[in-house]
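Visitor: Here is how the chains run, residue by residue.
Number of protein chains: 2
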Amino acid sequence: MKKINRVAVIGGTHGNELTGIYLVNKFERSPNLIARSNFKTIAILANPKACKIGKRYIDIDLNRCFLRQDLENYNLSTYEALLAKEIYQMFGSSNTDNPDLIIDLHNTTANMGITFILDSQHPFNLGLTTHLTSVAPNIKVLVSGKHNQDSSVLRSISPLGLTLEVGPVAQGILDASLFQQTEEIIGTILDYVEVYNQGKIPPAENPLTIYQKIQTIDYPRNELGEIQAMIHPRLQFRDYQPLNPGEPMFLTFDGDEILYEGRSTVYPVFINEAAYYEKGIAMYLTQKQMVGY
Amino acid sequence: MKKINRVAVIGGTHGNELTGIYLVNKFERSPNLIARSNFKTIAILANPKACKIGKRYIDIDLNRCFLRQDLENYNLSTYEALLAKEIYQMFGSSNTDNPDLIIDLHNTTANMGITFILDSQHPFNLGLTTHLTSVAPNIKVLVSGKHNQDSSVLRSISPLGLTLEVGPVAQGILDASLFQQTEEIIGTILDYVEVYNQGKIPPAENPLTIYQKIQTIDYPRNELGEIQAMIHPRLQFRDYQPLNPGEPMFLTFDGDEILYEGRSTVYPVFINEAAYYEKGIAMYLTQKQMVGY
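So the protein sequences, as listed, match chains A and B.
So the mapping is simple: the numbering used here equals the position in the first sequence, first residue as 1, plus 39.
So the mapping is simple: the numbering used here equals the position in the second sequence, first residue as 1, plus 39.
Next comes chain A alone, as it looks inside the complex (with noise of 0.2 Å):
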């Protein structure tokens, strides 16, 4: 067993998304509250001059621009390209042996509540997140990449890379139940990195529920790219929740029901992420599955 020997809580990948902003901001004052005994705990803003004006970004989506090629294409000179690579300076480069946990906090529109996104499905990540949906039955586990397989997100350059994605909340507003929530969740992580650096994790006893990412859905749309449909009334909302065949998932603008057209039940989630639409996408389907290790 490796130990870890630093944990990075990042906000501010997006700048209008404001827990993690002032869960940074109030980590910077007071760095005792993430100050454990046998590690180093660093909390930064990723995206400094977006947060700065409350945008999501200022040339391109911060959290799309860590693709290795990316990392490693000096013609690339976006504010947000240059970003990546300082970040991936600071804790992707280097400690291949040594990992650091990134944990990378968000906000989503959608009615995800507490949920970690792992892209692979890393022995430490399962048996932390197993722990913490033990202490927090609601918290959701959601895996949307493939081992081994290169990503454009920011978590992606850490094997222990995770994404806290806390909602419903709207862009630009601070929710003083999820900030809450949120800084809670962090103590915990950082308590069970302590035990788990001196050796006294027990084995996990129950497998974990997984959400696993299968496919992205975009909005019904026009020859000119123009939407044509709105979530559907009955799926909004209802993240994690099942959706069957034949059941509805879109709206026309004159009142037409678009259904489900799968042959399996799935489980979407993002369901009318303000920040997807312009990435076509309306929401995930995952698959439920439970996952031992």
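There may be inaccurate statements among the hints.
Because identical chains share one entry, a pair is satisfied inside a single copy or across any pair of copies.
Computed cross-link-like contacts, DSSO-like style, restricted to lysine-lysine with a CA-CA straight-line distance of at most 27 Å [claimed, not checked]: (1) Lys318 x Lys91; (2) Lys318 x Lys94; (3) Lys65 x Lys318; (4) Lys79 x Lys65.
Hints in this document: simulated from the structure, not taken from any laboratory.
Given chain A, work out where chain B should sit, using these hints.
Guide: Showing chain B alone in chain A's frame:
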């Protein structure tokens, strides 16, 4: 009684408030939906560039550009200042004997449901909103300005100007249920105007409940202007509910409560509206009143 010759249904005064934008698009495709027998209805997007990029505004907030002194100031040349002059030419300057009914469609992140905002207590508007609240008792009426007071908001260019404020919904997303409710209310308004023009509106029997704006409250801030506290979880989403002296308003990042220290019960609205952080507004305080007319 003066007949109403034109009704303007305006969407996209803010480019990230999608209900109005997609409704105006729908009415442009199907003008029969807003056509009535004895007046003309016009549906337009107020800020097309902001709608295209999905931001509230390009240079400055269009819905603060309608002070008379600004409309007459030819040195003002921001995109929105010019737009405001165009809109004023269309719906504000002429026909003072037969003003246009303006319905300006907005969304809010606050839990305000369906709210009509009036600047003045014009008898027509009071009659209309009394009718609407008798049909749909959940509709609220907020009186924001004072009679004959100059105002910077779009609705103020006509004595019959109304804002239809719908929430809660995050900026940049479509909520199908709110879309359908808003469309239905616009239809009810147009039906009312048709009957009004026929001289067939019976006198209202019931008084109208209004919420009169008395002041705005900012977030607690430090000397740098940085926010020091969040809306208290017990106040979040409680728009139009009574707030009594001694009840909590804010929660600091360290968990300390800040109480409402006024002397009388008030009814906060626009609680935690995303667009108002930059304006120094955490909420409006209102008084609940009954009006006859």
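Visitor: Hint by hint, work out which the structure violates, then give me just those numbers in ascending order.
Guide: none
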